[in-house]
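**Q** For the record, the sequence lines run as chains A and B. Letter by letter, the first sequence follows residues -15 to 400 of this note's numbering. Letter by letter, the second sequence follows residues -15 to 400 of this note's numbering.
Certain hints may be false.
Note that identical chains are pooled: a pair holds if it fits in a single copy or bridges any two copies.
Said to hold, decoys possible - Straight line, CA to CA, 25 Å or less: simulated SDA-like cross-link-like pairs of lysine to any residue:
(1) K167 to L199
(2) K167 to E57
(3) K186 to E217
(4) K167 to D224
(5) K352 to A318
(6) K167 to M380
Calculated from the structure, these hints are not laboratory results.
Protein chains: 2
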Amino acid sequence: MLVCIVAVGSEMLTPFRLDTNSLVITERVNAIGGDVRLKAVVGDDVQELVRVLTAAAEWADLVVMTGGLGPTEDDITRDAVARIMNVPLDVDPRIVDALGERFARRGLTMTENNRRQALVPRGATVLDNPNGTAPGLWIERGRTAFVLLPGPPREMTPMLDAVIRDRLAPSAGGAGLFRRVLKITGRPESEVDAVAQPVYSKWTAQEVPIVTTILAVLGQIELHLTASANAREAADRALDGAVAELQTVLGSSVYSVDGRPLEAVVGDLLRARHLTIAVAESCTGGLLTSRLTDVSGSSDYVERGYVCYSNRSKMELVGVPESTIREHGAVSEAVATAMAEGAAGRAGTRVGIGITGIAGPGGGTPEKPVGTVAIAVVVDGRATIRTVRLFGGREMIKFQAAQAAMNLLRLTLASA
Amino acid sequence: MLVCIVAVGSEMLTPFRLDTNSLVITERVNAIGGDVRLKAVVGDDVQELVRVLTAAAEWADLVVMTGGLGPTEDDITRDAVARIMNVPLDVDPRIVDALGERFARRGLTMTENNRRQALVPRGATVLDNPNGTAPGLWIERGRTAFVLLPGPPREMTPMLDAVIRDRLAPSAGGAGLFRRVLKITGRPESEVDAVAQPVYSKWTAQEVPIVTTILAVLGQIELHLTASANAREAADRALDGAVAELQTVLGSSVYSVDGRPLEAVVGDLLRARHLTIAVAESCTGGLLTSRLTDVSGSSDYVERGYVCYSNRSKMELVGVPESTIREHGAVSEAVATAMAEGAAGRAGTRVGIGITGIAGPGGGTPEKPVGTVAIAVVVDGRATIRTVRLFGGREMIKFQAAQAAMNLLRLTLASA
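Pulled out of the complex, with its shape left as it was, chain A reads as follows:
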């Protein structure tokens, strides 16, 4: 199945935005054996979109389009598809009713331009959008199926999954690309690759071949394993073995093989041990506690957080002695430890974390340059302490500092 992905929207032809929907679409169509041959981004320009779709119709079995289905004049996807099909656009009264109800439920009145979303090229099937106003569309021309999905990822993804499940997977017959992702933190990419490459390089020639890609993202490394197989069972067997081999050589730096983010991994460790946690953060400004609470159900173990941004707040909120700040500096292992102990002590939790560092761009010194972050994890009064040197801009340093703190907590709990 040859696939073309088209993102529609002039904002994605500016220097400010990228189309990221195509990554999800690629993953989903790969899984049912689809081969993405071309990705295109077109502006809010009917003629240009007609040109791209006409060209794609000559070779593609599936054209997945995102965006341009909203209520404004700029939203031209419906019009372009109607043109290449040479069919009129009809108002679908069920869509009008559904839109009216949706607005009424929120106490709003539907404006006239919202009715544009009810226009359907004749012959198209309407695809429900459970998370938004713009319905999707499915329409066929010759060998080519066109799928029109809205641009916002949280609307697009479930609709794509429904199309894959109901319309595309049944004819795929089980063959496809099957994937696993190992997530690793606390080691540099070159070191991970030096260890992993001798292992994964031999998998490309086996009966169920596995291709491995290494991907460095902020604060972590991912190893993407892609098996090409005629059936899920054969792929699963090969991938299970491959994942186990990599875990053996990479050890405890692998924190997830099932897609869970680090915050969920540490959350599960805390919950399994019936522990609650209190966090005292300075340079991360609340980001660590926020990430811990991104996990649904985290109120089971997150008791509270202190954002001790000023020195006064470090003393008042978590009882860091003024003398410790004076002697060691606000960014020091001694202060991080006092913060972790103070947070746990005042909150009455068995686990406490303290983070203090220099997020930059100002505030660095030759001894403690920007990116220096001291982290302490206290479990039942026993402290584990690290100082890390992080690189990048302010937000990147904050993110990596939160990541390093969660990883230190993970390793501490796993070895306890």
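Let chain A serve as the given structure and place chain B on it in line with the hints.
**A** Coordinates of chain B only, in the frame set by chain A:
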């Protein structure tokens, strides 16, 4: 000047990689009046690339290609361009010599496949690559100029800049696209568009035409204004007037016309008024304080944050009376107000914020469904209170709640 950007490389047709070179290319060609109409990503497939280039040659004045210029069999850009030009590939002896020297300097021997990089479609001009082995190419066919650049950004960008400076800018004569972005929050997209569209629709026909794109992102709406003008001064005049007109009709919902994010806007308001702030957050879990501290220099006004995730912590940390929680529930305007007052009172700041809500997916009730968030802003003891109903997943609700709280703070400070 109509522009098409083509990225070549099969890795960018996987779920793991995006083409980001196109953002830089867009910015540079926009600045000299180039209008990017289409972006495409093609794999290492000569036929497919020939198809895309042939189609682009029908309308584009400039086709900028990145990638596919390396030494391996997969690197097919030179071959595809030679095919559409219908010219042979010649070995350029100067490139061979330069490659040989480069390898020798590093104590390496040039492998045979590196000679592929010395192949030049007859009639093309070679573009120097100061940062890598693959030279670039410039070749013209009819109205269309094709520019071939290597994929790695640190090689691509300086070569692009040289092409712009030496070959494209001289004929552009100062003309270009000039941009402004208005950021708006607290109003739905359809309402913003209904108000703004009658204003901006008339600008497309004026002497310096301005095209306006509306872009809904989580928690905010952006209006992108792009003026096409022969000189920066004319564009600035037209854009200043346009921005002022939109601000008049959209009023205080416009929070930024200079690119600043909301956290920087409220930070500047706090700093200008010599105010410091303390935040008490429940459902946002520290995200609001973290976003406030994303701004460099925010330690001037962020004193501290309390993440009161449990009811006990609401009482202990910011003194919410148990009776208030019992009578009104933890998610209530009364509790939000007590949190804001307690945060400011205990921190000794003139500004306090309290946020309490249901981020979901669990915890909703018919009266207080998931997404219900109560927000209080207290300035010098006077409280401004809002309850909002937000939609989406847990992280989206957290983000929008932080956004709504910052906006309430902004409006309170602006009117004080």
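**Q** For which of the previously enumerated hints does the structure constitute a violation, in increasing order of number?
**A** The structure breaks none of the hints.
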